[in-house]
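Peer 1: Please construct the entire structure, taking both the sequences and the accompanying hints into account.
Chain by chain, the residues:
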Amino acid sequence: MVAVDPAAVLFATALATAVVGLVVAGYAYRGYRRNDSLAMFYLAIGIGLIAAGPVVVSYGLAPLLSLSDAASLLGVLWVTIAGLVAILYSLEGT
Amino acid sequence: MSPKTVPNTATLPTESLPRTDAGVVLADGGRVATVGGSPTVIALVFLSLVLATVLSVYLAVRLYRGYRAGGGRGMLLLGVGLVLLTTVPMLLRLALSNVGGVETVWQETIVTACQLVGLVVILGVIHGRR
Numbered sequence: 004m005v006a007v008d009p010a011a012v013l014f015a016t017a018l019a020t021a022v023v024g025l026v027v028a029g030y031a032y033r034g035y036r037r038n039d040s041l042a043m044f045y046l047a048i049g050i051g052l053i054a055a056g057p058v059v060v061s062y063g064l065a066p067l068l069s070l071s072d073a074a075s076l077l078g079v080l081w082v083t084i085a086g087l088v089a090i091l092y093s094l095e096g097t
Numbered sequence: 225m226s227p228k229t230v231p232n233t234a235t236l237p238t239e240s241l242p243r244t245d246a247g248v249v250l251a252d253g254g255r256v257a258t259v260g261g262s263p264t265v266i267a268l269v270f271l272s273l274v275l276a277t278v279l280s281v282y283l284a285v286r287l288y289r290g291y292r293a294g295g296g297r298g299m300l301l302l303g304v305g306l307v308l309l310t311t312v313p314m315l316l317r318l319a320l321s322n323v324g325g326v327e328t329v330w331q332e333t334i335v336t337a338c339q340l341v342g343l344v345v346i347l348g349v350i351h352g353r354r
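Residue numbers (our numbering), protein chains in the order written: chain A, 4 to 97; chain B, 225 to 354.
Worth flagging that the hints you see were computed from the coordinates, not collected in a lab. Watch out, some of these pointers could steer you wrong.
Sample of chain B residues at the chain A side, in silico, Cβ under 8 Å [what the hints assert, rightly or not]: (1) V265; (2) S280; (3) L309; (4) W330.
Beyond 12 Å from chain B on every Cβ pair, some chain A residues (computed) [what the hints assert, rightly or not]: (5) R36; (6) L41; (7) G63; (8) L64.
Partial selection, computed: residues in chain B whose CB lies under 10 Å from chain A [to be verified]: (9) V269; (10) L273; (11) L275; (12) L279; (13) L283; (14) R286; (15) L287; (16) E327; (17) V329; (18) E332; (19) Q339; (20) I350.
Glycine residues also receive a C-beta, built at the ideal position from the N, C-alpha and C atoms.
Peer 2: If you want it as structure tokens, here you go:
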């Protein structure tokens, strides 16, 4: 049996999530451009942040700024919170 | 008693000491994060985890209410996708980090895979409407 590197599995899953997330965000952004719908704009921002943000933090900012595991996790949680606020705003505020 | 018999722990090489797990036991007694960092950062991580979970559960409730108020199958599936993208991963993060026995890397993989499923459901709804 071939040994699976957990870190590689996580990276592949995270990368796929980021790519699909950006595709979905792209559709929402097109919806915003087509219908001038602010709700779709904030939905695009929210989905983009939640799906792609953690990958940017974990595999971009963390090694770049030599962040500790805790600081990296904090960054992931903050982009997630920003994304959640954006999605909630798209439902309630627009 | 000669002072020589007292072991001087200060001179012990710290590298030889058994390393304890870097898990952080927080106020709820659960191991929320197996991470190392300053107490301030750890406290911020815990607060952020709670805030993100509360927001994601509120989002799920909001989506469910919207559907109950008169939503079709598309809206239901869109809501399911968003819940799988946000609420379920946050609850999984909390649950998995507290049960123990699951390595951090696998915890993150399960969380990310759940988000991927949610996004695929949303993508399916978008394509179904075309």
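Peer 1: Please verify that hint: L283(B), Cβ, nearest Cβ of chain A, below 10 Å or not.
Peer 2: holds (6 Å)
Peer 1: Identify whether the interface hint at W330(B) stands, where standing means a beta carbon of chain A within less than 8 Å of its own.
Peer 2: Holds. Min distance 6 Å.
Peer 1: Would you say R36(A) is clear of chain B, with no C-beta pair closer than or equal to 12 Å?
Peer 2: Non-interface label on R36(A) holds, nearest chain B Cβ at 15 Å vs cutoff 12 Å.
Peer 1: Was the hint right that L279(B) lines chain A, CB cutoff 10 Å?
Peer 2: holds (4 Å)
Peer 1: Using Cβ atoms only, decide whether S280(B) comes closer than 8 Å to chain A, and label the hint accordingly.
Peer 2: With a closest approach of 6 Å, the S280(B) hint holds.
Peer 1: Examine each Cβ of chain B, and state whether all of them lie more than 12 Å from the Cβ of L64(A).
Peer 2: holds (15 Å)
Peer 1: Taking the closest Cβ pair, is E332(B) under 10 Å from chain A?
Peer 2: holds (5 Å)
Peer 1: A closest beta-carbon separation below 10 Å is what the hint needs, so does L275(B) meet it against chain A?
Peer 2: Since the shortest Cβ distance to chain A is 6 Å, the answer is holds.
Peer 1: Taking the closest Cβ pair, is Q339(B) under 10 Å from chain A?
Peer 2: Hint holds; Q339(B) Cβ to chain A Cβ min 5 Å, cut 10 Å.
Peer 1: Using 10 Å as the Cβ threshold, decide whether I350(B) counts as touching chain A.
Peer 2: Holds: closest Cβ of chain A sits about 5 Å from I350(B), inside 10 Å.
Peer 1: Can the hint on L287(B) be confirmed by a CB-to-CB distance to chain A that is less than 10 Å?
Peer 2: At about 8 Å, which falls below the 10 Å cut-off, the nearest Cβ of chain A leaves the hint on L287(B) intact, so it holds.
Peer 1: Going by Cβ atoms only, is V269(B) closer than 10 Å to chain A?
Peer 2: Constraint on V269(B) satisfied, holds at 5 Å.
Hint compliance for this structure: every hint is met.
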